[in-house]
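Number of protein chains: 2
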Amino acid sequence: MKRRSLFKRAATAVTLSALLASPLVYAQEKFTLRLAETWGPNFPIFGEATKNMAKMAEEMSDGRLRIRIDSANKHKAPFGVFDMVKAGQYDMGHSASYYWKGKVPNTLFFTSMPFGMTAQEQYAWFYYGDGMDLMQEVYEPHNMLSFPGGNTGIQMGGWFRDEINSLEDLEGLKMRIPGFAGEVFAEVGVNPTNIPPGELYTALERGTIDAVEWVGPALDLRLGFQQIADYYYTGWHEPATELQFLVNQDTWDELPKDLQQILRVAMRTAAYDMMIQSVHENAKAWASIKEEHPNIQVKNFPDEVFKAMVEANEKLLEEAAEGDELAAKIIESQEKYLEDARAYINIADRAYLNNMAEIE
Amino acid sequence: MKRRSLFKRAATAVTLSALLASPLVYAQEKFTLRLAETWGPNFPIFGEATKNMAKMAEEMSDGRLRIRIDSANKHKAPFGVFDMVKAGQYDMGHSASYYWKGKVPNTLFFTSMPFGMTAQEQYAWFYYGDGMDLMQEVYEPHNMLSFPGGNTGIQMGGWFRDEINSLEDLEGLKMRIPGFAGEVFAEVGVNPTNIPPGELYTALERGTIDAVEWVGPALDLRLGFQQIADYYYTGWHEPATELQFLVNQDTWDELPKDLQQILRVAMRTAAYDMMIQSVHENAKAWASIKEEHPNIQVKNFPDEVFKAMVEANEKLLEEAAEGDELAAKIIESQEKYLEDARAYINIADRAYLNNMAEIE
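Quick note, the sequences are listed as chains Z and W, same order.
Number 361 marks the last residue of the first sequence (our numbering); no jumps.
Number 361 marks the last residue of the second sequence (our numbering); no jumps.
Keep in mind the hints are simulated off the structure, nothing from the lab.
Nothing here was measured: the structure is a model prediction, and the numbers come from that model.
Please note: incorrect hints may appear among the correct ones.
No copy is singled out in the list; a pair is fine if it fits within one copy or between any two copies.
Restricting the straight-line Cα-Cα distance to at most 25 Å, the calculated cross-link-like pairs of lysine-lysine (DSS-like) are [what the hints assert, rightly or not]:
#1 Lys258 x Lys56
#2 Lys56 x Lys77
#3 Lys308 x Lys104
#4 Lys258 x Lys31
#5 Lys52 x Lys285
#6 Lys56 x Lys75
#7 Lys330 x Lys77
Work out the full structure: start from the sequences and follow the hints.
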């Protein structure tokens, strides 16, 4: 059986099964799943989410469900995770859905959309709205299940060496900003480039690029941009970057019901935990940046820039929806969900945060 | 053994254990835990959190860990949950920590504090700051473990029949607002009363009270306040109401490691899920209230009211910290955590929500 070859099975239970035809003993079969993650070894926060998930699954199953994590240095294919899990070379993956946009355009919608939902709103859409069903509609033809895999919170708009006061200031600006957000920025005059993370600091320092978008304080701090750029812009392009667990469908079908549920809950908890850990790590990092670099100014993009980006985003979404029924359905679902969720969040979270900021 | 009597044990595994001295088979022992919740049967959102937790635990353990939920109509002691779990009459409870303030004053700090942390910030304090350790320090002498049990999100400031324009307007105002928030309100002139939920609507309609604080749109909608009050005030007093799972320490010690971990993760996920479900249900309810009652105005308390409440809150906290080292330690930990977390949330979530509101 091809499917069986996906697993390493332990023989422990075999003698018992032979002795006693009890379903309790049958359930003791052991499974080791192999997971490929896009990140390098010991990548902070993102890589902790996979380890957290694996630890919970192993402990809850009393060792019956083990997950062996291969980082990018091992499998050498950070952006091959989709294909490897699809083909069954790996049972699971940990990555980001929008990386597969070139292969399957509608995977774009399950990470985070410019001007879109925040983490809480997006989890609500996934778990209590239509999000999970729509995501599964996109992944099913590729023999995979997809689950939320951890949230970074609102990504910052990036580090700029010069202040942005107008649309003109963006004209020809060289900026590291990949993906769909880069396309939006390109529409308003920016020259988006993609540069490997290890070269970003030097590129910004030497003026090869004028600005760089990375993640948020916790991960940005480690790359050192605060030492060479004075302007830190607030976020717009990825308000709730959700990572993703992929599970090969055959692997999933092979697991007994209790281990499926253990895996499902471990992934769900690890994802939520990462959202909360991101708040913690970002708070710590931002406190340290503020203290060591009091010169750094947090800025919002000027209104005209914001408006131009919103328009560019709408134009690109319309293009995506054209001739693709599923894309149109997903975009509509997200926009409708966001409308109601945000109306409530505005009278709850936003009002509270603003009132509190005023009395400080 | 007294401890053993807490459990109903299934005999299924006994023959196997006799046959084979295998730890795998030993682990098949079954446990049924009894949980008392403060809420009535089918209480929305709060009661769904316990059912969600029990379902996850049962499915992940393949039926080895069952949780039998007794609602308040059964055990007749909604505010006796602390004592019943402490004494081992129940293995678990689902309630809110601040209900035990009269018994153990420092339980106050683990639900939500006026002008305090939001749900994400508070989860970060619990899980990545000192929150869990401090909470355990409070509950350990009572032979219990305490875990986060689900968040309502920011509670609204309440329904008022008349607009509040000054501190004077609060003078002698009769309002349903219980607990510590009621004490804060009392300091600024309000006459706080506690009225059973079933009588609130009539009390507000007949003018027995002038205002009522309940939870947020989802739960408020069911009580119908939107039909008889025009002013809905934004929140300040419970920015992140966290419910609580209690577990009797002897019960916990009796569980094998894998079931402890299954229970821990099921509680953690159910708590997070409730935070997300609250966003969903509040968004739906607020959309419906807005549509059916377009006359309703969302208001912030005037600055002078806000400032007076902040001062009253600080005064009450100082009193709580006086002569109680643990209280002082908890208050300091929360204030310090909030400072850094909010500084980050202000450049991330608040900036984003404000920018988005401006372009609408």
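Cross-check of the supplied hints:
1. Lys258 x Lys56: both (19 Å within a copy, 13 Å between copies)
2. Lys56 x Lys77: within (24 Å within a copy, 40 Å between copies)
3. Lys308 x Lys104: Neither, since 30 Å and 55 Å both go past 25 Å.
4. Lys258 x Lys31: both (13 Å within a copy, 18 Å between copies)
5. Lys52 x Lys285: Answer is within: at 22 Å inside a copy they meet the 25 Å cutoff, but 36 Å across does not.
6. Lys56 x Lys75: within (20 Å within a copy, 38 Å between copies)
7. Lys330 x Lys77: neither (36 Å within a copy, 49 Å between copies)
In the structure shown, a violation is registered for the earlier hints numbered 3, 7, in ascending order.
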